[in-house]
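Novice: Respectively, the protein sequence lines represent chains H and B. Sequential numbering of the first sequence, starting at 0, is according to numbering that gives the first Met the number 0. Sequential numbering of the second sequence, starting at 0, is according to numbering that gives the first Met the number 0.
The set of hints was computed from the structure by calculation and includes no laboratory data. Be aware that one or more of the hints could be misleading.
Claimed, not checked - Calculated lysine to any residue pairs in the SDA-like style (CA-CA distance at most 25 Å, straight line): (1) H:Lys517 to H:Glu485; (2) B:Lys359 to B:Asp174; (3) B:Lys440 to H:Ala573; (4) B:Lys293 to H:Glu95; (5) B:Lys359 to B:Arg168; (6) B:Lys440 to H:Glu567; (7) B:Lys51 to B:Pro79; (8) B:Lys458 to B:Gln399; (9) B:Lys51 to H:Ser4; (10) B:Lys335 to B:Arg382; (11) B:Lys440 to H:Ala93; (12) H:Lys59 to B:Asp46; (13) B:Lys51 to B:Arg257; (14) H:Lys404 to H:Arg451; (15) H:Lys453 to H:Asp390; (16) H:Lys59 to B:Asp214; (17) B:Lys12 to H:Ser56; (18) B:Lys291 to H:Glu95; (19) B:Lys12 to H:Met344; (20) H:Lys74 to H:Val18; (21) B:Lys51 to H:Arg29; (22) B:Lys440 to H:Arg29; (23) B:Lys359 to H:Glu62; (24) H:Lys517 to H:Leu470; (25) B:Lys458 to B:Gln447; (26) H:Lys157 to H:Gly131; (27) B:Lys402 to H:Gln481; (28) H:Lys59 to H:Val18; (29) B:Lys293 to H:Lys517; (30) B:Lys12 to H:Arg451; (31) H:Lys59 to B:Met107; (32) B:Lys3 to H:Glu62; (33) H:Lys528 to H:Gln469; (34) B:Lys293 to H:Gly131; (35) H:Lys570 to H:Gly532; (36) H:Lys157 to H:Thr179; (37) B:Lys440 to H:Leu458; (38) B:Lys12 to B:Glu254; (39) B:Lys293 to H:Ala93; (40) B:Lys12 to H:Lys528.
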Amino acid sequence: MSEESGLIYRISGPVVTAVGISPRMYEVVRVGDEGLMGEVIELHGDQSVIQVYEETSGIKPGEPVVRTGQTLSVKLGPGLLTQIYDGIQRPLEALEETMGVFITRGVDADGLDLTKKWEFNATASAGDEVSGGSVIGFVQETETVEHKIMIPPGHSGKIASIESGEFDITTSVCTLEDGTEIAMMQEWPVRTPRPFKQKNAPDVPLITGQRILDFLFPLAKGGTAGIPGPFGAGKTVTQQQLARWSDAQIVVYIGCGERGNEMTEVLTEFPHLTDPNTGKPLMNRTTMIANTSNMPVAAREASVYTGITIAEYFRDMGYDVALMADSTSRWAEAMREISSRLEEMPGEEGYPAYLSSRLAEFYERAGRVQTLGGDDGSVSVIGAVSPPGGDISEPVSQGTLRIVKVFWGLDAGLARQRHFPAINWLSSYSLYPQALDQWYRDNIASDFPEVRTKISSLLQVEAELQEIVQLVGSDALPMDQQLTLEVARMIREFFLQQNAFHDVDTFSQLGLQYEMAKAILAFQEESEKAMAGGAGLEDVVNVPARTDLMRGRFEEGYAERIGELLGEMSKQIAETMEDN
Amino acid sequence: MSGKEYRTITDVKGPLVFLEKTEPVAYNEIVQLRLSDGTMKNGQVLDTSDDKVIVQVFEGTESVDRQTGVKFLGDVFRLPVSKGLIGRILDGAGKPRDGGPEIVAEDMADIIGAAINPYSRESPEQFIQTGISAIDACTSLVRGQKLPIFSASGLPHNDIALQIARQARLVGSDDDFVVVFCAMGITAEEYNFFVQDLERTGALENAALFVNLADDPAVERLITPRLALTAAEYLAFEHDYHVLVIYTDMTNYCESLRQIGAAREEVPGRRGYPGYMYTDLAMMYERAGMVKGKKGSITQFPILTMPGDDITHPIPDLSGYITEGQIVISRELHQKGIYPPINVLPSLSRLMNAGIGEGKTREDHKSVSDQLYAAYAGGRELRGLVAIVGEDALNERDLQLLKFADIFEDQFLRQSRDEDRSIDEGTLDLAWNLLTNIDTKYLVRLDQKWIDKYHPTEKNS
Ligand SMILES: Nc1ncnc2c1ncn2[C@@H]1O[C@H](COP(=O)(O)OP(=O)(O)O)[C@@H](O)[C@H]1O
Ligand SMILES: [Mg+2]
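Generate the whole structure from the sequences, applying the supplied hints.
Specialist: Next comes the structure, spelled out in structure tokens:
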């Protein structure tokens, strides 16, 4: 029997064992009479163990297994944006065309349309010295995104010829002097990080328009964040808010083992939402990967790598890319399921012993880098984590928290009160503020960091006071502490709460966030003064202008009006003193 | 139904039969076992290789011996589907249980079902009025949603499910639902309760029932819901029906899954349930929805009883991670004599935002619902405090919230088993009336424009 093809020996769920073949690790093979796609994940004596990316029902021992010589790779080039793929980069639209609304199996579909012609605009010229990562031209892929065409890593030389014009993505647009032909499409193995020149420290915030995130627990461009939380606490809504409003140039959204309708929602909504930074439809900058909870488990394991490779590719063009993975727990569970079928020695809670190193390798692919082409690009990674029972002492949460620099801890209690985003302001943290403070001072306000510190310490003080209130009731506290409680309530209800489904409140410019925070501090300061001058707590709390200031955030043009509303509040608070 | 009969069983363990064989057997292939006394059993291939095949036997392995004949039927499990399923009662393996004839198949459908392409889904957004205020106002249901009832033993989840089945309708449309009811390991008494109610209201003629009771084979429960969903898919996507699937009790299903896992000596996940239970459940729950180009829809109401009333138990936990929300039944409210005892705080409808608002329910719906939650949550929390410090220590706002929590339970949640409230006058106006018990300055979740328009005493007239 030839080495190129062998026979199925055993089938157990998504794991198939073949004999009579000696492939390389992670090589893609074709399994069974229908040629299902699979990947070699273990070599064991004369047996090769394969995870199969499609449903294996009806497959029999004795059917063929054929090598392809390739490792699992994605196709990279114009056409990635606005697409939705399955875990192995098959476009779902193409699958619908061939299979109808239900996903059956045994159908191949290229990740990119190989026949479509794109207008290639050369920016390099004959005679230029180029190497891997050098930009030689671009395609206007969508209204907002210029897709840079780069020399694939590993190639270099002098350009012999280069030509602008309409080409499909496999046709050569550039020839190097050594005869290498460069087309607009390149391929890259998903399990290998794409190279860059060097990693740089992140010092620019990824602005998300979400007040609690931007103001208290910011993420840097090129940074990593984890969002653990029980079901219904807001992981998906938070991820979708980031996909909508963050000021990244490219968004890669991975729906990993979650609900089908959530992907549909993004698909139907994004083309109609406008990017606040460009004024153009959000879909223009977005690529989606969907392996929903009922799709094959092995492809779930691959989906995360497919997504991050696409993200790195856009980073290499010098873009800021934000990648969301919802949920990394499903990815970890896919690893666990495959591992248990391999009868590997289980680690904690049945997860394979290599769980934490896989998590670390994944988040390591985030970062702000100097690209091979010399540009500044970044991949920010935000991973949702779904701990069983909401208890984050479990391995996936713990493995994630050891690596990520931002922790947005979702809280079931807050979600039950419909305090959204239900991010616990006491347990969450970000390690980036120090690196970002200079940016805030230069771009928003010179006292931005100090304002943030005041707001977060008020919340800390509130937590301490609440413990006393639980024992004696709030009326027993001295007046100044009762005022502190009111100020903290204002922080929570007016600032931290933000309704993702409200047309206006869904997004808050960073400058406005700062103004709102200042307004709260002004309320505190002026109330203290008024109360010193004889006003009662109820008087200052109940000035009508304060309600107007707070409710105003739901109306268009709030950024322009907040100054005026604040002035009115200050006036009314001052008047409470005169009334007494 | 050709194929050779093997008598090569080597081991029998729990519901599993291991055998050696000669010809290749397909993964998931259907198997027939013939016992020495002529009894037939059915099974399915769980693992197959050149040397060994593992078969899971739906009826259990009682009386199976090494002489038992095993025949591989060369196909995966299929259900004969037809419009004629409506009005029929089948057993847990899909055979008539009502004394009627075999189903005349229009098609033979693979019961595992294929995943709906997310690209081909249509977002569910049509509000279904259940007539139950707690659900309609706070956890609104939409057509094509999967919304489980998280209950516990001794609580009236069946009454609620039936009330929903009776009252559910799209406002302004008279398309009716067809009910597919699936029983998994429930008692004959519970089953009769369902059937009698469906009969009384005439819904039985419009329903297809798949029934596996407590004394039916436990392993069969692993296929019963798949049969029900296969029937639902066929009716929805081939015959344009709007199908409401009620299945109960998911907890019994999960127990059977655990039993198979243990027999295979798999590494167990949390509390002994298999690590793949999430995916397994998803392959059923995700069969809800609407798809492009098809008129019908599948709305699912799985019922599960939380062991030990614990919502973090793997069965409710994994379900909640997949379904589009949950309706949580509370023992505390039940003991207070409130029906329906729905605790709205941990309850959730994830598709609510798409299904409510102007042109769907009413423009103020979202705002009112948020405010009800915030006020009730606040009031309930204060109950704990009052128990320690007494009401005297509360300020005005807290006193109002505390009182509101009682009013909300007594007047908003409480309704009778046949009370069908309309969303606008019946539910939202009632909510506004009850909110007058709180000063508007404390109602920070309400947009000013809705106060101006709907607040009974403060609206601009
Ligand atoms: N920022 C938010 N604004 C308004 N509602 C929210 C917000 N975050 C979460 N929610 C509510 O909580 C529900 C559950 O959120 P989701 O993100 O789906 O939870 P998870 O992914 O953690 O299970 C949503 O359907 C929505 O009703
Ligand atoms: Mg989610």
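Novice: State for each hint whether it applies.
Specialist: Comparing the hints with the structure gives:
no., hint, in the structure
1, H:Lys517 to H:Glu485, "15 Å, holds"
2, B:Lys359 to B:Asp174, "17 Å, holds"
3, B:Lys440 to H:Ala573, "20 Å, holds"
4, B:Lys293 to H:Glu95, "14 Å, holds"
5, B:Lys359 to B:Arg168, "13 Å, holds"
6, B:Lys440 to H:Glu567, "17 Å, holds"
7, B:Lys51 to B:Pro79, "30 Å, violated"
8, B:Lys458 to B:Gln399, "20 Å, holds"
9, B:Lys51 to H:Ser4, "23 Å, holds"
10, B:Lys335 to B:Arg382, "15 Å, holds"
11, B:Lys440 to H:Ala93, "55 Å, violated"
12, H:Lys59 to B:Asp46, "10 Å, holds"
13, B:Lys51 to B:Arg257, "23 Å, holds"
14, H:Lys404 to H:Arg451, "19 Å, holds"
15, H:Lys453 to H:Asp390, "31 Å, violated"
16, H:Lys59 to B:Asp214, "35 Å, violated"
17, B:Lys12 to H:Ser56, "23 Å, holds"
18, B:Lys291 to H:Glu95, "11 Å, holds"
19, B:Lys12 to H:Met344, "23 Å, holds"
20, H:Lys74 to H:Val18, "30 Å, violated"
21, B:Lys51 to H:Arg29, "23 Å, holds"
22, B:Lys440 to H:Arg29, "67 Å, violated"
23, B:Lys359 to H:Glu62, "54 Å, violated"
24, H:Lys517 to H:Leu470, "32 Å, violated"
25, B:Lys458 to B:Gln447, "10 Å, holds"
26, H:Lys157 to H:Gly131, "12 Å, holds"
27, B:Lys402 to H:Gln481, "22 Å, holds"
28, H:Lys59 to H:Val18, "14 Å, holds"
29, B:Lys293 to H:Lys517, "53 Å, violated"
30, B:Lys12 to H:Arg451, "63 Å, violated"
31, H:Lys59 to B:Met107, "22 Å, holds"
32, B:Lys3 to H:Glu62, "20 Å, holds"
33, H:Lys528 to H:Gln469, "28 Å, violated"
34, B:Lys293 to H:Gly131, "49 Å, violated"
35, H:Lys570 to H:Gly532, "14 Å, holds"
36, H:Lys157 to H:Thr179, "10 Å, holds"
37, B:Lys440 to H:Leu458, "23 Å, holds"
38, B:Lys12 to B:Glu254, "17 Å, holds"
39, B:Lys293 to H:Ala93, "19 Å, holds"
40, B:Lys12 to H:Lys528, "79 Å, violated"
Violated hints, listed in ascending order, are 7, 11, 15, 16, 20, 22, 23, 24, 29, 30, 33, 34 and 40; each of the other numbered hints is respected by the structure.
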